[in-house]
Amino acid sequence: MQRIGRKTSGKIEFGMFTLPVLICIVLAFYIPFFMSMYYSLTDWNGISRSVNFIGMDNFRQIFSGDANFSSASWFTVKFSILFIVLSNVLAIVIAVLLDQKLKTSSLLRAAFFIPYILSLVIVGFIWKFIFSQGFASLADTTGWPIWGWSWLGTPKLAFVSVLLVSVWQSIGFYIVIYLAGLQSVPSDLLEAAKVDGAGAFRRFFSVVLPMLAPSVTIAVFMSLTNSIKVFDVILSLTGGGPGGSTYSVSFDIYRETFQNNLFGYGTAKALVLFVVVLIITVLQLTYFKRKEVEQ
Amino acid sequence: MAGNKTARAALEIVMIAVALLFLYPIILVFYNSFKSFGEVMRDVIALPHQWTFANYSYVWKYIDYPKLFVNNVVITALGLAGIILISSVAAYKLARTKSKFSALLYMLVIIPMLIPFQSIMVTVLKLAQNLHLAGSVWGLGLQYWGLGAPMAVFIYHGFVKGVPKELDESGMIDGATGFSLFFRIVFPLLKPVTATIAVIDVMWIWNDFLLPLLMVNGSPDTKTLTLAAYSFVGQYNTDWQYTMTAVVMAVLPSIVVFILLQKHIVKGVTAGAVKG
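Protein chains in written order, with my numbering: chain A, 1 to 295; chain B, 1001 to 1276.
If you are wondering where the hints come from, they were derived from the structure by calculation, not from laboratory data. Here a beta-carbon is modelled for each residue, glycine too, at the ideal position from N, C-alpha and C. Any given hint could turn out to be false.
As the list claims (entries may be wrong) - PhoX-like, lysine-lysine: derived pairs with alpha carbons at most 25 Å apart:
no., chain 1, residue 1, chain 2, residue 2
1, B, K1005, A, K194
2, B, K1161, A, K11
3, A, K229, B, K1126
4, B, K1165, A, K7
5, A, K11, B, K1165
Unchecked claim - Far from chain B, some chain A residues (derived; all Cβ distances over 12 Å):
no., residue
6, F59
7, G65
8, P186
9, L189
10, A192
11, A198
12, P210
13, M211
Construct the entire structure; sequences and hints are all you get.
Written as structure tokens, this is what we have:
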């Protein structure tokens, strides 16, 4: 009798501890997610009461005749690849240099970290000012043509600008991850390599880089998940322009839904994004799991 | 050896120069906010001839800065407190209960980490409107509970597994049970990981843009710092002396806090990334 009582009270306690989180998560994710699945099959415009069920039409249209979506996808793929490569390579280089026991190492680390604490929208505005006003002044004083280029006004350069600003904002985060990873490289191993006559580059590629593998895993994973969702910087820096050349997938979804009032169509696109992110994440996790097992 | 030392000194100087160049855009924006419109137009690079605070008093009044600041604090504090509270108790219970049901619930709780916010934002807004959570600062703060919980539970769960069970049991002997056991004995032990979660979530909520844009952009009374700067810049466009002042006012709290808590913030972010 007492045993049953304890069992029930244990269950009540389990419920009291876990129910708040469950309710919040169901409200924040699961219900919206299933609502999205429903609305993606409709032509709902977000305001009207009439919601017509149109089956797979939205998805058919996304994959057959939506030039905006395909160009936004292409932009996001290019952006993600270049962002991952650039931010990780640069972060490793800077982390290795900061790890040379400089007197100002921790101060420098903080300096590189500062943009990461700023809101991305604001970062976009800071650079809009630099690209338009700052570069104009530099062009006047130096006379170099590079400052006179239209960094936000031509499609190719606007892409480069969005990329550079994104790397600038988040590189501090990756530097910090790599600095933490570098602490696990045993110094006697480096000494031994030095005694064996390995130069600085050889030491880096044969000793340091393999030891950094776990940090690379984390940093690549984070940079991929962040870059695939790029939105804020574009909104404030280029607004998607010039001529729609810097629309990312997130931006395209946002525009379709809230500016064109195609809620049903926008949610369908959003679900496509979800499936792609899910596939990439699962592939990445299984790949890294296998690698960990091998080691 | 001497050569080594000079090389290191040279590297140090180069790195300081690189860091200064790296931060130059922020420095530039900062001192341009003290110029008049004419001076900004004449030369952006030069320091102000005459430092003026006129831009600040104008923008301060126009966007009602104290109000925005309070909004940001309320949203962030409410969001963070809720995330910490509901996630820590749930993660503790889920980690301590060894059953299939508990493992299943844990999966249900952390799976949403895979859902990008953009892919559900439309219906999040619709649901929030139905629940009357849209359009108010408190409603927005509450929404972060669910959105932030999966990652917080994930990090807490991993940490609780490392806390010896004997500690709970010694608490039980003292007669503490349920929530009082958790908050008196276990929660204090989770302090380092609570700090990590706090750093990550404060940075996220304080700077968040898309969710506030959807939820509280309708009225000037409910705007956040970033939102206000966003609409201000949209309105004043090329009045750079004003827009850059709004930018400085929006980022200044973050920078001041960062300078004060630099070590903890960097440590928290690293720990969060390595564990997450």
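How the hints compare with the structure:
1. K1005/B to K194/A: Distance ~17 Å between K1005/B and K194/A Cα, so the pair holds.
2. K1161/B to K11/A: At roughly 20 Å apart (the allowed maximum being 25 Å), K11/A and K1161/B satisfy the hint.
3. K229/A to K1126/B: Roughly 21 Å separates the two Cα atoms, so the pair holds.
4. K1165/B to K7/A: holds (19 Å)
5. K11/A to K1165/B: Roughly 19 Å separates the two Cα atoms, so the pair holds.
6. F59: Non-interface label on F59/A holds, nearest chain B Cβ at 14 Å vs cutoff 12 Å.
7. G65: Answer for G65/A: holds, closest chain B Cβ roughly 22 Å.
8. P186: At roughly 19 Å from the nearest Cβ of chain B, P186/A sits farther out than 12 Å, so the non-interface label holds.
9. L189: holds (19 Å)
10. A192: At roughly 18 Å from the nearest Cβ of chain B, A192/A sits farther out than 12 Å, so the non-interface label holds.
11. A198: holds (16 Å)
12. P210: holds (18 Å)
13. M211: holds (15 Å)
The structure fails none of the hints (numbered hints given earlier).
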